[in-house]
Amino acid sequence: MAYWLPVIYMLIMGLALLIYVVLDGYDLGVGMLMPLAEEAEKDVMVASIGPFWDANETWIVLGVGVLLIAFPEAHGIILTQLYLPVTLMLMGLILRGVAFDLRVKAGDHRRQLWNRAFFVGSLVAAAAQGWMLGAWVTGLQGGPLGLAFSALIAITLPALYLLLGAGWLMMKTEGALLERAIHWARIAVWPMALCLLLVSIATPVVSPVIAGKWFTFPNILLLAPIPLASAICLAVIAVLLRQPELIRRGRGWLLFVATVLICVLATLGLAYSVFPDVVIGRLDIWEAAASVKSLQFVLVGVVITLPVILFYTVYVYRVFHGKATELSYE
Amino acid sequence: MDPVLLARIQFATNISFHILFPAITIGLAWVLFYFRWRAWRGGEALWDQAYTFWVKVFALTFAMGVVSGITMSFQFGTNWPGFMERAGNVAGPLLGYEVLTAFFLEASFLGIMLFGRNRVSPRMHLIATLLVAVGTTLSAFWILSLNSWMQTPTGYYLEDGVVMVESWWAVIFNPSFPYRLVHMLLASLLTCAFLIAGVSAWRLRRGVGGPGTRRVLRTGLLLAAVGAPLQVLVGDFHGLNTLEHQPAKVAAMEAIWETQAGAPFTLVGWPDASERRNHFALEIPYAASLILTHELEGEVRGLNDFEGLHPPVPMVFWSFRVMLGVGVLMLLVAWWGSWQTRGGRAPSPALLRALSWMTFSGWVAVLAGWYVTEIGRQPWIVQDVLSVAEVAADHASATLAGTLFGYVLLYALLLAAYIGALRQMSLKPAASLGLSPQPATVQEA
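Chains as they are written, first to last, in the working numbering: chain V, 1 to 330; chain C, 1001 to 1445.
Just chain V, with the same shape it has in the complex (with noise of 0.2 Å):
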């Protein structure tokens, strides 16, 4: 129990925060994408994302919630340390939130500014989470090189939650917003492509712990499926977009689900990387852990939810499949 319990603990987290980073990460990048549409694509973009965000965010509070359940030492450390970019993500957070509905009630001349605070709150959240990730990624050490790992990731995230919106676009918009969408992510993949190439090669430069994981044989066989699985993904992204024809037939999803696996792909291998350490290099699942009787109380609780918010997030989806129509928060 006292073994496996932590380490259920952060499966389920690494679920939450991966589940976090597709859902908001595609309704982040619409947000950062607005300001590129024209006045009346902005109402079917956010049209597009209404129904979702509150609910996609609340993955994020289940994440934190579980890093402060389980590993509560943890929490306290990499919330310490990560005040600043914490805190600048949650201003991003409130601003873009209340946008949503602001832009449109709160007047016909304050809607400017509200599409405004829509951008810069997704884009300054999107930013933040990339240097919080970055950050613990280095150990949370700081020095030179850390600041530029982290500097680095808080422009790879926004690069993919930029994909991920114009993947959702093209699932839920047609037309010229659709072209629009179309053009957004051939400008977005590659940037986003060479930051992941980058992250890929600087990662094992500022963690020694995690080169010694990768590049060892056979670890560096057995795991080459993570990296090449990532290229085809990508190859395929590539392809979809020389080929436009097939987003507009329908295809758009494909590029939508091939930047969901990059995700997955990524998600793998740095649980790979920095298991068993929650806060790395200092702080592992079992020293970390809350109390076995804390732990089992709580996962009666998830086995028996979880299932169940699945379930009702997977209705709400449905129930607002199909392109985005004329929905309004007048």
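Honestly, I wouldn't trust all of these hints.
Claimed, not checked - Quick list of in silico lysine to any residue cross-link-like pairs, SDA-like style, CA-CA up to 25 Å:
hint, chain 1, residue 1, chain 2, residue 2
1, V, Lys323, C, Asn1118
2, V, Lys323, V, Val22
3, V, Lys293, C, Thr1101
Unchecked claim - Pairwise CB distance ranges, derived in the manner of DEER restraints:
hint, chain 1, residue 1, chain 2, residue 2, range
4, V, Gly322, C, Arg1206, 38 to 46 Å
5, C, Asn1118, V, Val205, 48 to 56 Å
6, C, Leu1240, V, Ile304, 30 to 38 Å
7, V, Val257, C, Asp1236, 58 to 66 Å
8, C, Leu1409, V, Pro208, 37 to 45 Å
9, C, Ala1012, V, Ile304, 34 to 42 Å
10, V, Pro225, C, Val1120, 37 to 45 Å
As the list claims (entries may be wrong) - Computed list of chain C residues with no C-beta within reach of chain V, every gap over 10 Å:
hint, residue
11, Trp1037
12, Phe1062
13, Pro1175
14, Val1232
15, Gly1298
16, Arg1342
17, Asp1384
None of these hints come from the bench; they were simulated from the model. What you are looking at is a predicted structure, and each value in this text was computed from that prediction instead of being measured. Cβ coordinates follow ideal geometry from the N, Cα and C atoms, glycine included.
Dock chain C against the given chain V, drawing on the hints supplied.
Then chain C, alone, in the frame of chain V:
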């Protein structure tokens, strides 16, 4: 400035801003369910119109609550890391259950409630509205359970200074929890009742109300007229419970410096901590003893019994009086208004003015009440177990002051935007809101 005090001010700023919105949505979710249910049963179109208008207010309010709530879930860790390390075994699971049973439920079905009218059956839409209401209430259940445990901890033992759980039942249903939960749910109902009565009154004064605005106004008044006296009763029980478990808080609420029998109730006064007495005190003899012990000569413990371990007196004393004062005012206005509008009678201009002035009176009472209970717990974060100073993070004062400044600025802006948006929505004539006889055919929020 002292970093612990700054961290407290920052957390208090955030939590004060946050509570404004759940205080509305917990009550409003049930009112919306009522509107939807009336509309679903068929009959008058006005309930559908009322739903259409108020669900927009709900959406905005809910979004404000969500974003400030996410902030709070992080600030537990950024501002009070020691709390999670020492009391995480209790706090973690209770917050976890809130996320699992309430947050996802509310957030998911809110989408259907706002945008799903043309995509699901009327019955499913009614169910979605109900589930959102259940979600908001469950959320209150868990968070108030945790807060109450911090006030009256039971069901735990300490191992090397870390809280371990002995009985989850005793942790969740700790002694002050039932009173605090009911007190807060009623507070939310009253806040929402005055909000809908106030906004409706404002719309009537401006001549933009639809045919149902008067009915909605009366719904708000009746809710308040029933809820307010109940709240007085529950508040009294809550106070007695506090006296039993947190006597230092009660001593500060009443500014009773020395333990005494037949203690007077100080209506107003200026508690002076250095001289340990109240200046300019207007007192009702024996009243404090009567209220707190239900006996004229009952003994009430004074602050002298808790030397160095009692909360700052003036803040608690004054907050308590503000809450009481606003509460009594709400009760009187609700009764006056309910009587005046009986049997479909029109509300007088004076009533409409009073109600629009009191639109946000619930906020004042809720904030004041929370200041009593939270400042009243100082210097403890978990009463008699863990002090606030022990668990604070060691951020530099400059960092805290800088981010605090950012938060205050942001929240001031958002509050202005929220009230401004509410005004904009209220100003729109009923017809342009899709409140025409034909229920909206476009999906609307």
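Verification of the supplied hints:
1. The straight-line distance between the Cα atoms of lysine 323 (chain V) and asparagine 1118 (chain C) is roughly 14 Å, inside the 25 Å bound, and the hint therefore holds.
2. At most 25 Å may separate the alpha-carbon atoms for a hinted pair to count; lysine 323 (chain V) and valine 22 (chain V) meet this at roughly 19 Å.
3. Simply put, lysine 293 (chain V) and threonine 1101 (chain C) have alpha-carbon atoms about 20 Å apart, close enough for the 25 Å limit, and the pair holds.
4. A C-beta distance of roughly 40 Å is found between glycine 322 (chain V) and arginine 1206 (chain C), which places it inside the suggested range of 38 to 46 Å.
5. Between asparagine 1118 (chain C) and valine 205 (chain V), the C-beta spacing of about 54 Å keeps the proposed range 48 to 56 Å intact.
6. For leucine 1240 (chain C) and isoleucine 304 (chain V), the hinted distance range of 30 to 38 Å is satisfied, since their beta carbons lie about 37 Å from each other.
7. In this structure the hint that valine 257 (chain V) and aspartate 1236 (chain C) lie 58 to 66 Å apart at CB holds, the actual value being about 60 Å.
8. Between leucine 1409 (chain C) and proline 208 (chain V) the beta carbon distance is about 43 Å. The supplied range of 37 to 45 Å therefore holds.
9. The beta-carbon spacing between alanine 1012 (chain C) and isoleucine 304 (chain V), approximately 35 Å, falls within the hinted interval of 34 to 42 Å.
10. Hint check: proline 225 (chain V) to valine 1120 (chain C), Cβ distance near 42 Å, so the stated range 37 to 45 Å holds.
11. Residue-level check passed: tryptophan 1037 (chain C) sits 21 Å from the nearest beta carbon of chain V, beyond 10 Å.
12. The claim that phenylalanine 1062 (chain C) lies off the interface is violated: its Cβ sits roughly 8 Å from the closest Cβ of chain V, which falls inside the 10 Å cut-off.
13. No Cβ of chain V approaches the Cβ of proline 1175 (chain C) within 10 Å, the least distance being about 20 Å, so the stated non-interface status holds.
14. Residue placement check: valine 1232 (chain C) keeps its beta carbon more than 10 Å from all beta carbons of chain V (closest about 35 Å).
15. At roughly 41 Å from the closest C-beta of chain V, the C-beta of glycine 1298 (chain C) stays outside 10 Å, upholding its exclusion from the interface.
16. For arginine 1342 (chain C), the shortest C-beta to C-beta distance to chain V comes to about 35 Å, beyond the 10 Å cut-off, and the non-interface label holds.
17. With a minimum CB-CB distance of about 21 Å to chain V, aspartate 1384 (chain C) clears the 10 Å threshold, and the non-interface call stands.
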